[in-house]
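Chemist: Given next are the chains, with one letter for each unit.
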Amino acid sequence: MMNHTLKNHLCNLRAGTVITGKWHKHGYKIIKRLGKGANGVVYLAESTKELVALKLSDNSTAITSEVNVLRRFSKVQGVALGPSLLDVDDWRDPYTNQVIPFYVMEYIKGDEFFTFIRKRGKEWIVILVLQLLSALEKLHKEGWVFGDLKPENLLVAGPAPTIRLLDVGGTTLQGRAIKEFTEFYDRGYWGIGSRKAEPSYDLFAVAMIMIHACYPTRFEKKGDGRRQLMSMIQADATLRKYQSVLIKAINGEYKQVAEMKRDLIAAIHHDSYMPRQKTNERTRTAGRHKKRKKRSGLVETTMIVMALLFIYVLYIYGKVLQ
Amino acid sequence: MRKGALRQILLITDGCSNHGEDPIAMAALAREQGITVNVIGVLDQDTIDENGLREIEGIAMSGGGVSQVVYAKQLSQTVQMVTRKAMTQTLQGVVNRELKQILGSDVSLEDLPPEKRGEVMEVVDELGETVELEVLILIDTSGSMKTKLPTVKEALFDLSLSLNARIGDNRFAVFVFPGKHSDVEKVLDWTPKLEALSTIFPKLTSGGLTPTGPALREAMTYFNQKRSLRRLISGDESYFEESSM
Ligand SMILES: Nc1ncnc2c1ncn2[C@@H]1O[C@H](COP(=O)(O)OP(=O)(O)OP(=O)(O)O)[C@@H](O)[C@H]1O
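Chains as they are written, first to last, in full-length UniProt numbering: chain A, 1 to 322; chain B, 1 to 245.
Bound conformation, chain A alone (with noise of 0.2 angstroms):
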C-alpha cells in the first residue's frame, strides 16, 4: 500500500549475490527472493551452515524495531514464536557504496495459512486457529500483542502441520498502540474497539482470519460493521458451527486467550458429537453435552496411548532381539 522507497534493485538481487556483514563477516548467498513487504524485501539465502531467510532494508529503524521483538522472543524460552534470530548486520551496496541494514533468520518452510487449507481442507481451519491461539497466548504472557495478525503472516510447516508467525514488525507491549495493522483485520476499521495492544485486540483478528478463511473474497465495512460480521457468519455453514465463539471474539468478550481456546475446543467436539439442532436448543444443553464429552474423549486418548505404548514395546523388544 505504501510506495516504497526501496531501491528496486534491492528487490532483484540476482542468485548467487553474497552479501557479507561489515560488522561480523559472515557471508550470505542469494537463492531467491521469498517475498517482499512494506519494510522491506525477504530472500532465501545460503549461510556456511544451513538455508536462511535474510531481510533486507533501507529503513534501519523498521529492522531494528523488528531485531528488538525476534530478539525478545528467542528469550522466551522453548517454543518458536518467530523465525529465531541468527545474525545482524550491515552490508555495504557495491552499485550505491551505500550501506543496507539486514537481519538473518531461520528460514521457515511451508505454505502460507490460506494455501495450506485450499489443500488440505476446511477442517483444518479450526486445528490451526488453535494452534495460532496456543502461540498468542505464550506472546501475551510475556507482556506483547502480535498486533499485525493475517494469513500472510502464517506459515504452516511440516511435517507435522504446524503454525509459525512471520513478520513481528507490528509486534506491540501491551498498554500501548498498536504498531502496525491491517484494516480487514483491525477492530478500529471495524468500528467494534479501539486500537490498545491488549490480548483482545489478537483476538478479534483471528475471528476475522477465520470468518476469511470461509469467505475467500476480501470484503469491505458496509455501514454497521459488527452487524455485517454477524449476518455474515450466520450465513456460513463453518463458521455457524463456532459463531458463539466468533461472536464473543468480535465483540471482545475474551480478555485472555484461554477462555477463546477453551471455548473453542468445547465448541468443537460439540460439532462433532451432536446431531444438528436447532441453535437455542443447542446452546441451552451445550453445558452439560460439554463435560460428557470430555470425558469419553479421555477414555479414546487413554486408549490410545494403550495401543500405541504397547505397539512401541513390541517395537523395543524386537531390536532388542536382533
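What the hints contain is simulated information worked out from the structure, not anything from laboratory work. Among the hints, a few may not be true.
Claimed, not checked - Computed spacing ranges between beta-carbons, pair by pair:
#1 A:Arg92 - B:Glu50: 49 to 59 angstroms
#2 A:Ile247 - B:Trp190: 10 to 20 angstroms
#3 B:Lys116 - A:Gly225: 27 to 37 angstroms
#4 B:Asp44 - A:Arg227: 26 to 36 angstroms
#5 B:Asp44 - A:Asp224: 23 to 33 angstroms
#6 B:Glu110 - A:Gly35: 55 to 65 angstroms
On a predicted model such as this, the values are computed, not experimentally measured, just so you know. Beta carbons are placed, not taken as given, at the ideal position from N, Cα and C, and that holds for glycine.
Go by the hints and put chain B with the ligand onto chain A.
Modeler: Okay, now just chain B with the ligand, sitting in the frame of chain A:
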C-alpha cells in the same frame, strides 16, 4: 518535569497550489520553527500530474516530513502511517542529536553496531508512545477535493483512533483552505477528540483557488500562539528537546 510536544502539520490535498506564496518555502519556514510538515496527496482514478507530485514531495522534504500519494480508498491507513512515520523520524532526529552530543559530532545511528542500535530504537519507541503530540490538519477543499471530503473525514476519525490508543496526549486542530472569507479557515480548535469534526464538516463549501502556501503560513502561527500561550520553551528546535530537567 514536562516534556515538550511534537508538532506536525498534516496537509491533505489533491493537486497544485495556484495562489500566494510558494508552499515549499512555507514548509521550510515551518521546519525552522520545529514544526514538521507531512503531505498526503489524494487521487481519484486518474493519476496526479507531474507538477502536483513534485510540489507534494517538495513540501514534505523541505518541511522535514513524510509524503505519500494514495487513492482515496486507502486514505485511512495512510493518514495514520504517515503521522506515525513522521513522529518516529522526528524523534529519531532528536535522539540522534543527543547521541552526537554524547559520542561526538560524526556519529549517527548507522555507525553504531547493530546491537547498540536496538537500545536506541527502544528509546525512540518509548518516546513515540508517551510524547505529547499536536497535529494541525490542513485540508484542501478546492474544486475536485469536494467529493473526497467524506473519505477524508473517515480517515481523520481513524487517525484519532490510532493516536488516542497511545499513552501520550494528543491535540488536533482542523483548518480548511480556501476559507469563506480568507485563505484559510479554522473548523476545529485544539481538541483531543477529532470526532467533534462530524458536525462541522458538512457545512463546507469549496472554492476555486488553492492557496496552499498562505494556508501553511497561517497554520504555523496557530502553533506559535498556542506555544506562547502555554509558555513552552521558545527558540528554534528546542521545542521538543528541552525541558524535563
Ligand atoms: N523466516 C522466513 N521464512 C520463510 N519465508 C519468509 C520468512 N520471512 C519472510 N518470509 C516471506 O517473505 C514475505 C515478506 O516478509 P515480511 O512479511 O517479513 O515483510 P514485511 O516487509 O514485513 O511485509 P508486510 O508488508 O507484511 O509488513 C513473507 O510474506 C513470507 O512469504
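Chemist: Run through the hints listed earlier and report the numbers of any the structure violates, in increasing order.
Modeler: 1, 2, 3, 6
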